[in-house]
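Asker: Chain order of the listed sequences is A and B.
Residue numbers for the first sequence follow the numbering used here, so the first one is 1 and each next one is one higher.
Residue numbers for the second sequence follow the numbering used here, so the first one is 1 and each next one is one higher.
Since the hints were derived computationally from the structure, they do not count as laboratory data.
Backbone N, C-alpha and C define an ideal beta-carbon position, used for all residues, glycine too.
A portion of the hints provided could be inaccurate.
Unchecked claim - Some but not every residue of chain B turned toward chain A, in silico, with C-beta under 8 Å:
1. Leu53
2. Ala72
3. Ser75
4. Thr81
5. Ala85
6. Leu86
7. Tyr87
8. Leu90
9. Gln94
10. Gly103
11. Gly104
12. Leu105
13. Arg200
14. Leu232
15. Phe234
To be verified - Residues from chain B that keep clear of chain A, each with C-beta distances beyond 10 Å, as calculated:
16. Gly52
17. Gly65
18. Lys71
19. Leu74
20. Gln82
21. Gln83
22. Asp88
23. Val161
24. Gly213
25. Ala235
Claimed, not checked - Partner residues are not named here, just some residues of chain A that face chain B (Cβ under 8 Å, in silico):
26. Thr126
27. Pro128
28. Glu130
29. Ala216
30. Thr218
31. Leu222
32. Pro226
33. Ile227
34. Gln309
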Amino acid sequence: MSTTRILTLARRVIQQLAADKRTIALILFVPLAVMTVAGILVRSQSSPLSIGLVLEDEGAVIPLGNRQVNLGQRLAESLGSVSDVIQIQVMPAAEARARLDAGELDAVITLPADFSARTVAARELTIPVEYEGSNPMAAQLLAGLLTRGAVQTLASLSVIGGATVTAPPVHLQETYRYGGAHFDTMDYLAPVFIGLFVFLFVFILTSVAFLRERAAGTLERLQATPIRRIEIVTGYMLGFALFALAQALIILGYTIFGLNVHYTGNLAVIFVVEFLLALMAVNLGIFFSTFARNEFQVVQFIPLVVVTQILLSGALWPVEEMPAWLQPVAWLMPLTHANRALRDVMIKGFDLIQIAPFVLALVAFASAFVVLAAQTVRRGVNT
Amino acid sequence: MVYAVEINNVHKRFKNVHALRGLSLNVERGITYGLLGPNGSGKTTLIRAIIGLLTPDSGEVRVLGTKMPNKAILSRIGYMTQQTALYDDLTVRQNVEFFAVVGGLNGDVRAAVDEAIALVDLTDRANSRVRELSGGMKQRCSLAVALVHHPDVLLLDEPTVGVDPQLRVQFWQHFRQLNAQGVTLIVSSHVMDEAERCDRLGFLRGGLLLAEGTASELRQRAGTATLEAAFLRFADAAVSSSQSPVASS
């Protein structure tokens, strides 16, 4: 062991790093940027879960004290105060249905005209609740809170009655608009992963491939042939998109058959989204390869381009629960649209028409990136 | 049309370098034209201007009568860059085939690819990946790529740098064969002994054409025994004349 040699080598490593100003900047800046975004998301006051309450209960006379009681009304009151996490809105059945379909409500509780009467007769509190269901975690949370609210309602009744009776059992009669009781967190995350892997790998592969094309001089050689810039970009897209679709096929197959993730939608629609994601990633890769001098610098773009985007894309934190000012930023991320589209297809079984807004947004992103990439192909040439 | 390449008063300035300063020269068809000059004399810039990879600030470049840059005419031009510029992961055949099609080859691709690979004597390595080849083999593959689409004009930027003497002789044999087929070659070099083999020579220095002619003409005009000495003589003359205001940029 020679200290001199080791120290000399260490010094060389430092000299090399110091010579690469952008690496230094990225080392310092990227972690701060990523942590800032993560901090905002984690600490943000998450918006409450919205419950639509269809209150048709006409009340009933309860045996204890022989008084007229509207159990539905009481339930609504205790649910409203049980936790900040839920927000109860009373609304007509038609409105509740429409808003649940649109994903604006997390659950709808329908208390029919004979709710009180039936409860008294059966000596059992049965609450019919229909969850939106695309986020199984939200449904789980709601189930707990609803039960607590119901138990409170019953407790208040027994006090009014002036006598202690054994509280009747509470029972949630759960149905799901989308998904189902058998959907778990993995069902919620899997669609996002499927999109993410395609995006990530295609982005890395293209940026490295194009970087090599520049460094090796083959791009210059290509420019000296009749091939046009748009042809180069399109060729890259086609080549990588095929790879991406093959990858998507394998991931999807394993997700569904290996990991038993549920899906309800049309798989062909998923591939449309994957295809668009791949096109975007190819062009982003070409674009970013312009700013990288070597493979290391490509790797440094990953936290910036990919990690920040994952955080903001609603993959882990739903966009709707982000602070209001951050939501527009989230929708500027292509992955946000892809995630939403993939979830809508896999969990809600939406078709291409229903996810059209997100698909169109992806098409718009992809087109913009094609222009961007075609412009950057020129760089270093014809100066 | 007599000339394969016409360059007329071409200027090109980069941020801090005036790479070409009003350079003019014509290259007849079917000959090998040598561009000679030290590093930084403007050889590569000139070649890139000829092929249209850069647009002159002023002046005009015509190849086969067509004003450059022009995408369509590129199928009739071959370009061998200073770097070997090949796809390392692909085989010799895959590389040559790719550039044959992209280069706009008409007709039988397979035959043209086989022919180009045979010409550079790589037939038995045709299915080797480029990364496995020696430096000289890569150079040969690069030449095959440049000429596979049967160009009428072939631009070779320092094609024999790092090439061993035996291979260099082979390269020049290929060049002569191509001339015989009517192909015009423009070869840049800073090796003077190579220049002897060219039909005509242009001495480049500081983005200007110092002198032009056959090797023997140039030696004669300079009154020197070697091309090297002739180059230095012309360079000295240019320096003294650039004291006058005419030649400045």
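Asker: Honestly, which of those hints from before does the structure not fit?
Answerer: The structure breaks hints 8, 9, 12, 13, 14, 15, 16, 18, 19, 20, 21, 22, 26, 27, 28, 34; every other hint is satisfied.
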